[in-house]
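Asker: Using the sequences plus the hints, can you model the full thing?
Protein chains in written order, with our numbering: chain A, 2 to 78; chain B, 2 to 78; chain C, 111 to 257; chain D, 111 to 257.
Calculated from the structure, these hints are not laboratory results. Idealized CB from N, CA, C, for every residue including glycine. Don't take each hint at face value.
BS3-like mimics (lysine-lysine), calculated; alpha carbons at most 27 angstroms apart, straight line [to be verified]:
hint, chain 1, residue 1, chain 2, residue 2
1, A, K5, D, K178
2, C, K235, D, K158
3, C, K178, B, K54
4, D, K221, C, K178
5, D, K136, C, K158
6, C, K140, D, K158
7, C, K158, D, K140
8, C, K136, C, K178
9, A, K13, D, K136
10, D, K178, C, K136
11, A, K54, D, K178
12, C, K117, D, K158
13, B, K13, C, K158
14, D, K235, A, K13
15, B, K13, C, K178
16, D, K140, A, K54
17, C, K140, D, K235
18, C, K235, D, K140
19, A, K54, D, K158
20, C, K235, D, K178
21, B, K54, C, K117
22, D, K136, C, K136
23, B, K5, C, K178
24, D, K235, C, K136
25, D, K178, C, K221
26, B, K54, C, K140
27, D, K221, C, K221
28, C, K136, B, K13
29, D, K158, C, K221
30, A, K13, D, K178
31, B, K24, B, K37
32, D, K178, C, K158
A few chain D positions that, by computed beta-carbon distances, are all more than 12 angstroms from chain A [said to hold, decoys possible]:
hint, residue
33, E232
34, S236
35, E244
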Amino acid sequence: MKIKILLFGQLKEILNADFIEMKDVGDSDILMEKLKGKFPALTDISFRVAVDKNLISENIVLSESSEIALLPPFSGG
Amino acid sequence: MKIKILLFGQLKEILNADFIEMKDVGDSDILMEKLKGKFPALTDISFRVAVDKNLISENIVLSESSEIALLPPFSGG
Amino acid sequence: MSDKKIKNIFHQGPISPSFIMESIQKHSTKTDIGAHNIFLGQIRADRKDGQEVTAINYTAYEDMALDKMVEIREEIFANYPLTCLHVHHSLGMIATGEICLFVFTSAAHRKEAIDACETLVERIKSELPIWGEEIFNNGSQTWKINK
Amino acid sequence: MSDKKIKNIFHQGPISPSFIMESIQKHSTKTDIGAHNIFLGQIRADRKDGQEVTAINYTAYEDMALDKMVEIREEIFANYPLTCLHVHHSLGMIATGEICLFVFTSAAHRKEAIDACETLVERIKSELPIWGEEIFNNGSQTWKINK
Numbered sequence: 002m003k004i005k006i007l008l009f010g011q012l013k014e015i016l017n018a019d020f021i022e023m024k025d026v027g028d029s030d031i032l033m034e035k036l037k038g039k040f041p042a043l044t045d046i047s048f049r050v051a052v053d054k055n056l057i058s059e060n061i062v063l064s065e066s067s068e069i070a071l072l073p074p075f076s077g078g
Numbered sequence: 002m003k004i005k006i007l008l009f010g011q012l013k014e015i016l017n018a019d020f021i022e023m024k025d026v027g028d029s030d031i032l033m034e035k036l037k038g039k040f041p042a043l044t045d046i047s048f049r050v051a052v053d054k055n056l057i058s059e060n061i062v063l064s065e066s067s068e069i070a071l072l073p074p075f076s077g078g
Numbered sequence: 111m112s113d114k115k116i117k118n119i120f121h122q123g124p125i126s127p128s129f130i131m132e133s134i135q136k137h138s139t140k141t142d143i144g145a146h147n148i149f150l151g152q153i154r155a156d157r158k159d160g161q162e163v164t165a166i167n168y169t170a171y172e173d174m175a176l177d178k179m180v181e182i183r184e185e186i187f188a189n190y191p192l193t194c195l196h197v198h199h200s201l202g203m204i205a206t207g208e209i210c211l212f213v214f215t216s217a218a219h220r221k222e223a224i225d226a227c228e229t230l231v232e233r234i235k236s237e238l239p240i241w242g243e244e245i246f247n248n249g250s251q252t253w254k255i256n257k
Numbered sequence: 111m112s113d114k115k116i117k118n119i120f121h122q123g124p125i126s127p128s129f130i131m132e133s134i135q136k137h138s139t140k141t142d143i144g145a146h147n148i149f150l151g152q153i154r155a156d157r158k159d160g161q162e163v164t165a166i167n168y169t170a171y172e173d174m175a176l177d178k179m180v181e182i183r184e185e186i187f188a189n190y191p192l193t194c195l196h197v198h199h200s201l202g203m204i205a206t207g208e209i210c211l212f213v214f215t216s217a218a219h220r221k222e223a224i225d226a227c228e229t230l231v232e233r234i235k236s237e238l239p240i241w242g243e244e245i246f247n248n249g250s251q252t253w254k255i256n257k
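Answerer: Structure representation (structure tokens):
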């Protein structure tokens, strides 16, 4: 299973991409662990995870159809 | 001594004038007493008195050069 | 920032949207501003006893209102770090749907602009000697009372 | 009053004073309105380390922001008796002095319009996935953080 992860704001710059793809991430805890392993820069920046356009606050099961996004602190307005 | 008293809002309508003149009103307490004697309609309406463009809250000596005005409740905006 | 010269706040007739636009436009050169707050009073077609308001006729004790406005302006500038503030109030007959009050505050940050504008609107309504007479569609009239 | 259809709040480029004027103008037919409150965000020429901000480049997770805005809109209508509300946020490069946020609430009475507008502005800033990158006059860039 391959999952697409959208990047926004400063994260686009840091990872130099609009999105990344990760394999074998069954839930959001595994995702975070693998992300920080693969991209150590992510351990230094504050961000939240949205699944299907909702911010998650606990571990959640992911599927290939999940819309996952990494969101740095908002600064609109 | 004759004093000119400006009227505003509903008081213009009630007294059918833009201003009135009163004689022998040495202070604002005397003014109020004479006004209500001459115009009984004034006893039924709420209004405040301004002297030289300041609302008064206690008795104040009046002179011919005082700018006196009777102000019904404000309703701007 | 406060200035003691007396600005006339009164406009004969309604305040037009294009006047508001121009006022906003003028602030684009003030690049220390981060937030504007604007309050607009619009004439409401209130119903009373089966009749509907078609206009409000505003009059004021202008000299006293302008003096009081100088005092309010100074107190607002003393209490809020504003870049600028502007107040415009209509006189004369203002029809329903038209704008009779335009209060405009600008500051570096939103909280100051928002709070100052709300305080200004409350003070304008309670402290300025202005009177509105509601005109109904059957020609009857009543004197408005601010809540 | 609330409607579930998703309105696009995003504008490419700055929000012009004439757009604001037209938006105000459209409300003159709604004669149950007595009060409008408008908040405008303007790009401030902040200084950091001797450099000055010349623009902010806004990007957003648009789909999520519009979903969230539907939710916020419904909650605002549930909590305040508004006639209508409108939100417009810029995307792309917005220069200092230009307007990047336009929040517009209307109600029968002032308190509701003012309170709803303030709540809306706070929620837009804290809950919508929008990012601003400050561009300085020496070409350097920093990611803005909302206070």
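Asker: If a hint holds in the structure, say so; if it does not, say that too.
Answerer: Hints and how they fare:
For the hint pairing K5 of chain A with K178 of chain D, the CA-to-CA distance comes to about 22 angstroms; that is within 27 angstroms, so the pair holds. Proposed proximity of K235 of chain C and K158 of chain D is contradicted: the alpha carbons are some 41 angstroms apart, above 27 angstroms. Restraint check for K178 of chain C and K54 of chain B: the C-alpha separation of about 8 angstroms stays at or below 27 angstroms, so the hint holds. Pair hint K221 of chain D plus K178 of chain C holds up; C-alpha atoms about 23 angstroms apart against a cutoff of 27 angstroms.
For the hint pairing K136 of chain D with K158 of chain C, the CA-to-CA distance comes to about 26 angstroms; that is within 27 angstroms, so the pair holds. Between K140 of chain C and K158 of chain D the alpha-carbon distance is near 18 angstroms, which keeps this suggested pair within the 27 angstroms criterion. A C-alpha spacing of about 18 angstroms is found between K158 of chain C and K140 of chain D, which places the hinted pair at or below 27 angstroms, so the restraint holds. A threshold of 27 angstroms between alpha carbons decides the hint, and for K136 of chain C with K178 of chain C the separation of about 26 angstroms falls inside it, so the pair holds.
The straight-line distance between the Cα atoms of K13 of chain A and K136 of chain D is roughly 40 angstroms, outside the 27 angstroms bound, and the hint therefore fails. Proposed proximity of K178 of chain D and K136 of chain C is contradicted: the alpha carbons are some 34 angstroms apart, above 27 angstroms. Between the alpha carbons of K54 of chain A and K178 of chain D the distance comes to roughly 8 angstroms, so the proposed pair stays at or under 27 angstroms and holds. For the hint linking K117 of chain C to K158 of chain D, the alpha-carbon distance of about 36 angstroms lies beyond 27 angstroms, and the restraint is violated.
The straight-line distance between the Cα atoms of K13 of chain B and K158 of chain C is roughly 23 angstroms, inside the 27 angstroms bound, and the hint therefore holds. With a C-alpha separation of about 21 angstroms, the suggested pairing of K235 of chain D with K13 of chain A holds against the 27 angstroms cut-off. Of the pairs offered as hints, the one joining K13 of chain B and K178 of chain C holds, with about 22 angstroms between alpha carbons and a cut-off of 27 angstroms not exceeded. Of the supplied pair hints, the one linking K140 of chain D and K54 of chain A is violated, its CA atoms being roughly 35 angstroms apart against a limit of 27 angstroms.
In summary, the hint linking K140 of chain C to K235 of chain D is supported, as the alpha carbons are separated by about 23 angstroms, within the 27 angstroms threshold. For the proposed pair K235 of chain C and K140 of chain D, the alpha carbon gap of about 23 angstroms is at most 27 angstroms, so the pair holds. Taking the CA atoms of K54 of chain A and K158 of chain D, the gap is about 34 angstroms. The hint is violated against a cut of 27 angstroms. At most 27 angstroms may separate the alpha-carbon atoms for a hinted pair to count; K235 of chain C and K178 of chain D exceed this at roughly 36 angstroms.
For a cut-off of 27 angstroms, the pair hint linking K54 of chain B to K117 of chain C stands: about 17 angstroms separates their Cα positions. With a CA separation close to 22 angstroms, the supplied pair K136 of chain D and K136 of chain C stays within the 27 angstroms bound. About 22 angstroms separates the Cα atoms of K5 of chain B and K178 of chain C, which keeps this hinted pair within 27 angstroms; it holds. Between the alpha carbons of K235 of chain D and K136 of chain C the distance comes to roughly 26 angstroms, so the proposed pair stays at or under 27 angstroms and holds.
About 23 angstroms separates the Cα atoms of K178 of chain D and K221 of chain C, which keeps this hinted pair within 27 angstroms; it holds. With a C-alpha separation of about 35 angstroms, the suggested pair K54 of chain B and K140 of chain C falls outside the 27 angstroms cut-off, and the hint is violated. Restraint check for K221 of chain D and K221 of chain C: the C-alpha separation of about 16 angstroms stays at or below 27 angstroms, so the hint holds. Among the hinted pairs, K136 of chain C with K13 of chain B is inconsistent with the structure: their alpha-carbon atoms are about 40 angstroms apart, more than 27 angstroms.
Restraint check for K158 of chain D and K221 of chain C: the C-alpha separation of about 22 angstroms stays at or below 27 angstroms, so the hint holds. The straight-line distance between the Cα atoms of K13 of chain A and K178 of chain D is roughly 22 angstroms, inside the 27 angstroms bound, and the hint therefore holds. Pair hint K24 of chain B plus K37 of chain B holds up; C-alpha atoms about 14 angstroms apart against a cutoff of 27 angstroms. For the proposed pair K178 of chain D and K158 of chain C, the alpha carbon gap of about 40 angstroms is over 27 angstroms, so the pair is violated.
E232 of chain D, annotated as away from the interface, has a beta carbon of chain A within 12 angstroms; the closest lies near 9 angstroms. Listed as outside the interface, S236 of chain D is inconsistent with that label: its C-beta sits roughly 7 angstroms from the nearest C-beta of chain A, within the 12 angstroms cut-off. In this structure E244 of chain D is not separated from chain A by more than 12 angstroms, as the shortest Cβ-Cβ distance comes to only about 9 angstroms.
Against the hints set out earlier in the document, violations occur for numbers 2, 9, 10, 12, 16, 19, 20, 26, 28, 32, 33, 34, 35.
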